[in-house]
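> Below are the chains, spelled out letter by letter.
Protein chains: 2
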Amino acid sequence: MRLSAMNTAELQKMQAELTKEYEDYKKLGLSLNMSRGKPSKAQLDLSLPMLDIKQTTAADGTDARNYGVLDGLPEAKRFMAEFMSVPEDSVIVFGNSSLNIMYDTVMRAYVFGVLPGEKPWKDQGKIKFLCPVPGYDRHFGVTEAFGFELINVPMTPQGPDMDAVEKLVKDDPQVKGIWCVPKYSNPEGCVYSAATVRRMAAMPTAAADFRVFWDNAYCVHHLDMDDQAEIPDFLAECAAAGHPERPYIFGSTSKITFPGAGLAAFAAGPETIKYVKKLMSVQTIGHDKLNQLRHVAFFGDRAGLLRHMAKHADILRPKFQMVAETLQRELGDLGCADWTTPKGGYFMSFNTMPGLAKRVVAMCKEAGVELTGAGATYPYGKDPEDKNIRLAPSMPPVEDLKVAAELFCLCVKLASVEKLLAEKQA
Amino acid sequence: MRLSAMNTAELQKMQAELTKEYEDYKKLGLSLNMSRGKPSKAQLDLSLPMLDIKQTTAADGTDARNYGVLDGLPEAKRFMAEFMSVPEDSVIVFGNSSLNIMYDTVMRAYVFGVLPGEKPWKDQGKIKFLCPVPGYDRHFGVTEAFGFELINVPMTPQGPDMDAVEKLVKDDPQVKGIWCVPKYSNPEGCVYSAATVRRMAAMPTAAADFRVFWDNAYCVHHLDMDDQAEIPDFLAECAAAGHPERPYIFGSTSKITFPGAGLAAFAAGPETIKYVKKLMSVQTIGHDKLNQLRHVAFFGDRAGLLRHMAKHADILRPKFQMVAETLQRELGDLGCADWTTPKGGYFMSFNTMPGLAKRVVAMCKEAGVELTGAGATYPYGKDPEDKNIRLAPSMPPVEDLKVAAELFCLCVKLASVEKLLAEKQA
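Quick mapping for you: the protein sequence lines, in order, are chains A and B.
Heads up: the first sequence begins at 525 in my numbering, then just goes up one per residue.
Heads up: the second sequence begins at 525 in my numbering, then just goes up one per residue.
Hints listed in this document are in silico derivations from the structure and should not be mistaken for laboratory results.
Hints may be right or wrong, so weigh each one.
Identical copies carry no separate label here, and so any pair may be met within one copy or between two of them.
To be verified - Computed cross-link-like contacts, BS3-like style, restricted to lysine-lysine with a CA-CA straight-line distance of at most 30 Å:
{"#": "1", "residue 1": "Lys-798", "residue 2": "Lys-889"}
{"#": "2", "residue 1": "Lys-867", "residue 2": "Lys-802"}
{"#": "3", "residue 1": "Lys-694", "residue 2": "Lys-889"}
{"#": "4", "residue 1": "Lys-835", "residue 2": "Lys-643"}
{"#": "5", "residue 1": "Lys-802", "residue 2": "Lys-550"}
{"#": "6", "residue 1": "Lys-643", "residue 2": "Lys-551"}
{"#": "7", "residue 1": "Lys-643", "residue 2": "Lys-544"}
{"#": "8", "residue 1": "Lys-565", "residue 2": "Lys-943"}
{"#": "9", "residue 1": "Lys-550", "residue 2": "Lys-652"}
{"#": "10", "residue 1": "Lys-798", "residue 2": "Lys-906"}
{"#": "11", "residue 1": "Lys-798", "residue 2": "Lys-948"}
{"#": "12", "residue 1": "Lys-948", "residue 2": "Lys-882"}
Being a predicted model, the structure only gives us computed values, none of them experimental.
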């Protein structure tokens with residue numbers, strides 16, 4: 525029965541029962557964490573054999589222990605290119621953090637401009653940046669740090685609302701970029717439709733130095749290897765549409781091997797790659813090539829990578845299923861929430877009734893279950909409707925997840941009933 | 525006999541002999557490289573056992589494979605602090621490149637200011653930076669990339685000419701920083717005197733946001749462990765002088781373990797450390813903690829580190845001796861050059877007669893010996909007297925080094941004789 529169809533007496537009875545249940549939970553002294561998208565220990569163990577690899581010489585004879593090779597060993601570029609489905613010569617292999625690449629990419633545009641001869645963003649007044657919401661807090665944080673004005677763009681099941689995006693970029697030269705997680709987006713697990721990808725590549729922009737920050741963080745992170753989402757090749761689509769330098773593409777093995785010790789890479793158009801290498805050559809002599817060799821030797825090629833991802837999927841799938849089933853069982857009939865059931869990635873997106881996200885997160889915390897802070901999925905941490913909550917089922921064991929998900933549902937129900945009662949009394 | 529005391533006939537005879545010798549060298553088809561300060565294979569092999577370390581858990585139980593720990597694992601901070609002779613809480617452990625830390629430190633001052641509330645350098649007009657010369661090309665390159673005006677300050681045997689430095693910083697608020705390599709400097713191998721270090725810490729500066737970029741790259745890189753240079757603790761000296769936030773201190777294990785896969789670290793005053801951590805938290809989730817554990821387990825502590833450095837010294841010492849002896853034997857009596865014989869570091873600094881450095885480097889190259897480009901030791905690559913050449917004896921085997929040094933001396937002699945003859949004919 526939908527909560528909204530209940531009368532005051534029914535709601536009060538439910539409130540009393542839920543409150544008692546909630547108090548019982550609090551007595552359990554739980555300490556569970558569903559806040560961040562961290563791989564679990566079992567997932568990290570999958571890559572332990574990589575540490576047995578002690579190769580120090582690259583295929584071309586380069587001593588990987590010594591200085592040099594700014595953009596990555598050839599075999600590492602080849603591997604990362606296969607992984608990211610882009611040509612080898614459009615890739616630069618970096619260190620362990622794609623976030624760091626994104627930050628430096630914004631920094632370069634800000635300090636030096638996006639290409640030789642282009643005016644630095646710092647000299648162009650107020651810079652505006654499009655942020656599909658809900659989205660990834662660390663993305664928003666980078667552009668906030670540089671003082672940009674962050675503009676919310678609603679997500680749809682096909683990706684960002686392209687009507688809104690096209691309108692915003694068409695007339696305003698201050699709009700310089702957009703954050704995108706095109707496959708299994710954070711937090712919704714949304715897969716951009718082919719039409720969305722093509723419109724993003726082709727749309728006219730008032731700013732010649734407009735760039736799409738394409739964080740393909742979950743490109744091989746399927747929950748079921750027999751049901752893999754695919755999206756068009758964004759680099760190729762941009763080139764075909766006459767915007768070869770529009771895409772800034774990011775990827776990493778952080779959630780494939782080790783989050784602290786993976787490989788990250790950047791892909792872009794030919795002029796951009798040339799320019800970034802030139803600017804980088806002042807910043808560093810090169811990244812960790814021993815770790816590049818470890819990764820290449822461990823995976824071999826894309827097929828080896830996908831075999832490895834199947835093992836991750838086997839660990840993650842039951843966790844996502846547990847949360848999805850619990851949500852459906854506990855909340856499916858009540859009409860007080862909606863949520864996504866992604867086919868990949870690390871998150872589920874959950875919407876309460878407006879105005880309840882903070883309350884639910886606080887109630888969960890009080891009973892020992894930590895969630896991502898309400899508001900985190902919006903720029904400046906401000907969810908205008910206070911309804912979105914990111915669920916991150918990857919880290920806890922499935923039995924803990926069951927408890928956490930049940931408590932979460934209880935809190936959603938209780939907060940919803942309280943809200944409806946307050947409205948009836950108002 | 526000094527070349528300057530020779531008459532024309534003597535010089536012509538010498539020119540003829542040297543030219544013949546030079547032509548003979550060219551026929552050898554040499555391909556030797558003394559251009560960069562790279563460790564040799566034998567040195568890299570010293571750290572190979574580090575790759576056997578497969579520890580994944582930190583002393584406090586942290587899974588080093590996963591995300592997190594922005595400023596380095598506690599044991600890594602302790603080790604890097606011991607290595608850099610600074611307190612543990614003044615250290616942040618970064619990735620594999622101290623150059624990258626320096627670049628990012630300049631970038632932060634430029635974009636955000638040196639501390640909360642300080643005006644970013646980008647908003648303060650023309651920024652000037654002091655560059656002790658001869659110095660390190662990559663240092664100069666960073667500040668050149670940000671468009672600063674680089675001001676040459678002469679080096680003395682005690683470090684930068686402090687009279688000149690004090691004068692430049694006292695009245696001009698546009699002077700925001702200075703590059704220093706305080707121990708075994710690049711390229712002279714100069715060790716700053718205690719007085720230089722204390723004056724650098726205490727001097728009044730017109731700019732409140734003046735900073736000393738203290739690249740202690742060679743702090744344990746002695747050529748003879750029984751003759752170790754020591755310098756005062758710069759962090760403590762600055763604090764004692766009332767300038768606790770003046771020092772930006774950099775160090776790395778690049779020339780201790782692996783240049784491509786070492787640890788780099790940053791040390792600074794308490795407000796700076798707090799501020800940098802805050803800005804960094806937007807840029808990355810953390811650096812490679814598995815590599816941190818490898819380093820800590822491999823060395824244990826500072827004593828273990830110094831035992832390891834003794835092995836490096838045993839490999840490097842004969843190379844530096846070979847070059848020093850060759851220079852002395854071939855050029856010692858001719859009065860046409862001077863050079864340094866450092867007790868540590870990776871370089872020797874060599875001065876030809878004015879106007880000959882480019883010519884000598886080109887002659888060496890033509891005969892198959894690559895040296896660091898003439899001018900590289902000066903900002904903008906412009907040595908005003910065209911006389912300084914950096915010699916980097918670390919990489920080639922000692923037998924190659926013998927040939928390279930002899931050819932080098934030959935080129936210096938020939939270029940000098942040619943110059944003196946031209947002067948006599950003028």
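> First find the shortest C-alpha distance between Lys-643 and Lys-551 inside one copy, then the shortest across copies, and answer within, between, both or neither for a cut-off of 30 Å.
Neither way: Lys-643 and Lys-551 sit 60 Å apart in one copy and 51 Å across, limit 30 Å.
> Can you give me the call for Lys-798 and Lys-948, within, between, both or neither, at a CA distance of at most 30 Å?
neither (64 Å within a copy, 50 Å between copies)
> If the cutoff is 30 Å on CA atoms, where do Lys-643 and Lys-544 land: within, between, both or neither? Let me know, please.
For Lys-643 and Lys-544, the Cα distance exceeds 30 Å both inside one copy (62 Å) and across copies (55 Å).
> What label fits Lys-694 with Lys-889 when the C-alpha limit is 30 Å: within, between, both, or neither?
Result: close neither inside a copy nor across copies, 44 Å intra and 55 Å inter.
> At most 30 Å between alpha carbons: which applies to Lys-798 and Lys-889, within, between, both or neither?
Only across copies: Lys-798 and Lys-889 sit 28 Å apart there, 48 Å inside one copy, limit 30 Å.
> If the cutoff is 30 Å on CA atoms, where do Lys-565 and Lys-943 land: within, between, both or neither? Let me know, please.
Neither: 39 Å inside a chain and 70 Å across chains, both beyond 30 Å.
> Is it within a copy, between copies, both, or neither that the alpha carbon of Lys-867 lies no farther than 30 Å from that of Lys-802?
Classified as neither; 39 Å inside a copy, 35 Å across copies.
> Could you place Lys-798 and Lys-906 in one of the four classes (within, between, both, neither) given a Cα distance threshold of 30 Å?
between (38 Å within a copy, 26 Å between copies)
> Between the shortest in-copy and the shortest cross-copy C-alpha distance, which are at most 30 Å for Lys-835 and Lys-643: within, between, both, or neither?
neither (47 Å within a copy, 51 Å between copies)
> How do Lys-948 and Lys-882 come out at 30 Å by Cα distance, when the copy is not named: within, between, both, or neither?
Only inside one copy: Lys-948 and Lys-882 sit 21 Å apart there, 88 Å across copies, limit 30 Å.
> Please work out whether the CA atoms of Lys-802 and Lys-550 approach to 30 Å or closer within one copy, between two copies, in both situations, or in neither?
neither (57 Å within a copy, 34 Å between copies)
> At 30 Å max between alpha carbons, let me know whether Lys-550 reaches Lys-652 within a copy, between copies, both or neither.
Result: close neither inside a copy nor across copies, 44 Å intra and 61 Å inter.
Hints 2, 3, 4, 5, 6, 7, 8, 9 and 11 from the earlier list are contradicted by this structure; the remaining hints agree with it.
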